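Asks: Residue numbers (full-length UniProt numbering), protein chains in the order written: chain E, 1 to 193; chain X, 1 to 193.
Possibly wrong hints are sitting among the right ones.
Intra- or inter-copy, both count: the list cannot distinguish identical chains.
Distance condition first, Cα-Cα at most 20 Å in a straight line; then the derived EDC-like pairs of lysine to aspartate or glutamate [said to hold, decoys possible]:
1. Lys55 to Asp128
2. Lys2 to Glu59
3. Lys38 to Glu80
4. Lys38 to Glu76
5. Lys156 to Asp121
6. Lys50 to Glu80
7. Lys50 to Asp95
Keep in mind that the hints were calculated from the coordinates and are not lab data.
Source: prediction; values computed, not measured.
There are 2 protein chains.
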Amino acid sequence: MKFCSECGAPVAVRVPQGDHRPRHVCKACGTVHYQNPKVVVGCIAQWEDKILLCKRAIEPRRGFWTLPAGFMENGESAREGAARETLEEANARVDIGPLYSLFNLPHIGQLYLLFRARLLDLDFSAGDESTEVGLFTEAELPWSGIAFAVVTETLKLYFSDRGSAGTLLHSGDIHRETTRNPGSERHYRVLLY
Amino acid sequence: MKFCSECGAPVAVRVPQGDHRPRHVCKACGTVHYQNPKVVVGCIAQWEDKILLCKRAIEPRRGFWTLPAGFMENGESAREGAARETLEEANARVDIGPLYSLFNLPHIGQLYLLFRARLLDLDFSAGDESTEVGLFTEAELPWSGIAFAVVTETLKLYFSDRGSAGTLLHSGDIHRETTRNPGSERHYRVLLY
Numbered sequence: 001m002k003f004c005s006e007c008g009a010p011v012a013v014r015v016p017q018g019d020h021r022p023r024h025v026c027k028a029c030g031t032v033h034y035q036n037p038k039v040v041v042g043c044i045a046q047w048e049d050k051i052l053l054c055k056r057a058i059e060p061r062r063g064f065w066t067l068p069a070g071f072m073e074n075g076e077s078a079r080e081g082a083a084r085e086t087l088e089e090a091n092a093r094v095d096i097g098p099l100y101s102l103f104n105l106p107h108i109g110q111l112y113l114l115f116r117a118r119l120l121d122l123d124f125s126a127g128d129e130s131t132e133v134g135l136f137t138e139a140e141l142p143w144s145g146i147a148f149a150v151v152t153e154t155l156k157l158y159f160s161d162r163g164s165a166g167t168l169l170h171s172g173d174i175h176r177e178t179t180r181n182p183g184s185e186r187h188y189r190v191l192l193y
Numbered sequence: 001m002k003f004c005s006e007c008g009a010p011v012a013v014r015v016p017q018g019d020h021r022p023r024h025v026c027k028a029c030g031t032v033h034y035q036n037p038k039v040v041v042g043c044i045a046q047w048e049d050k051i052l053l054c055k056r057a058i059e060p061r062r063g064f065w066t067l068p069a070g071f072m073e074n075g076e077s078a079r080e081g082a083a084r085e086t087l088e089e090a091n092a093r094v095d096i097g098p099l100y101s102l103f104n105l106p107h108i109g110q111l112y113l114l115f116r117a118r119l120l121d122l123d124f125s126a127g128d129e130s131t132e133v134g135l136f137t138e139a140e141l142p143w144s145g146i147a148f149a150v151v152t153e154t155l156k157l158y159f160s161d162r163g164s165a166g167t168l169l170h171s172g173d174i175h176r177e178t179t180r181n182p183g184s185e186r187h188y189r190v191l192l193y
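Next comes chain E alone, as it looks inside the complex:
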C-alpha cells in the first residue's frame, strides 16, 4: 500500500495513537488503513469412500492437487462460500456439513475453514481455476502432489477419523519453518490443539 484509498495522498507506516502496531496512515487525511487476515473456505466433498480433489490451473502451486477452496466473500457465510468455491472450481454441487478443520496460517495471514460435505451427483468437471477434477479413495490419493500443507494435514486427519462420530472439530496452526537452505523443499511445523 503506497497511497490512501480515500483521498489518493501518500501513506506512511506508523503506530496510530492508542494503537499497538504499525499501520498504513494517510499523511493528508489521517485515515488508518488496517490489513487483516483473510478467510479461506472450502470442503471435503465425499462420494461413497472417495473425496473430490481439483488440480490447480493457477499459481501458487499450479499442477498440484487441492480441496476446492478459496477466499470467503463479503455478504456470504463460510458455508455458502465453501459451496460457491466448490461450484466454481469443480462445477460440483455439495451439501455442506459441519466444520471439520480450522487452521491458522499466521505467516501468510490466512485462516482456513474446511467443512465436511456430501457430493450430490457425479456431474462435475474442471472449473476455470482447475485443469482436472477427480474422486480419490484414501489409497489413490496423490499425497506427494498435494498443493498446500493445510490440505495434507486436513486429509490425514480426515482419513484417520473415518468411521468415528464426525462432529469433532480439529484446530491448529501451521507455521512455515525458517530453513538455512531456501532452495530446498518447504518445511512446515504443525501444532494441533
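Chain E is already provided as a structure; the job is to place chain X on it using the hints.
Replies: Coordinates of chain X only, in the frame set by chain E:
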C-alpha cells in the same frame, strides 16, 4: 474506496475478466482491490460460575456490555488474537480453550470466533476500550444491556450447555432483519446449524 492504493489513480467499480463480482479496479494500473470479511476473535473467560464482560467505552454500542473480542491481526492465530483482545480490553490473562461458537454476520462482512477460556487470576481492570469490567453469574448477567446479538446468542448457548461435555462447536448465521420502521429496535434472525 476511491483511489488505488498502489498508484493513487481513481478506481472504478466493475467486474474484472474471469470474475463474478464487482470489484474496485484501478483505471490506470488495473490493480483489482478485493474486500473480504474480517474475523473477530474473543473469548468467554470463566472464573468459577462467572464469566467476564466488558462495558464498551467506544462506539458502536458504547455503554453496552460485551465479551472481550476484536479484529484478528495478521501474524497471529485466532486463539492468540482472542487472548490479546482479552488483555487489551480487560487487562486479564486467560488460558484459551476450544472454539465455542462460530457465527457469520454476512450483512456486515464479519466472522465471529468465540473460544472457551479460563480466567487465570482476578487481577483484571478496564482497558482503553472499556469503562468497566466485571464477573457475572448467569442470574446477574445484564441480558438487556448486551452490545451485540452474536454475544447474546453465544451466552444463551453457553449457559444452556453448562455441565455438558464442552467440546461441541456451535455454528450459525446472524442476519439483520429488514424492518419497515428503521427507528425501532434492531431485529436479528438467528440460524443455528
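Asks: Each hint needs a verdict: does it hold in this structure or not?
Replies: These are the hints, each one checked on the structure:
no.: 1; hint: Lys55 to Asp128; in the structure: within (11 Å within a copy, 49 Å between copies)
no.: 2; hint: Lys2 to Glu59; in the structure: neither (25 Å within a copy, 29 Å between copies)
no.: 3; hint: Lys38 to Glu80; in the structure: both (16 Å within a copy, 16 Å between copies)
no.: 4; hint: Lys38 to Glu76; in the structure: both (14 Å within a copy, 12 Å between copies)
no.: 5; hint: Lys156 to Asp121; in the structure: neither (25 Å within a copy, 38 Å between copies)
no.: 6; hint: Lys50 to Glu80; in the structure: neither (22 Å within a copy, 35 Å between copies)
no.: 7; hint: Lys50 to Asp95; in the structure: within (15 Å within a copy, 39 Å between copies)
Of the numbered hints listed earlier, those contradicted by the structure are 2, 5 and 6.
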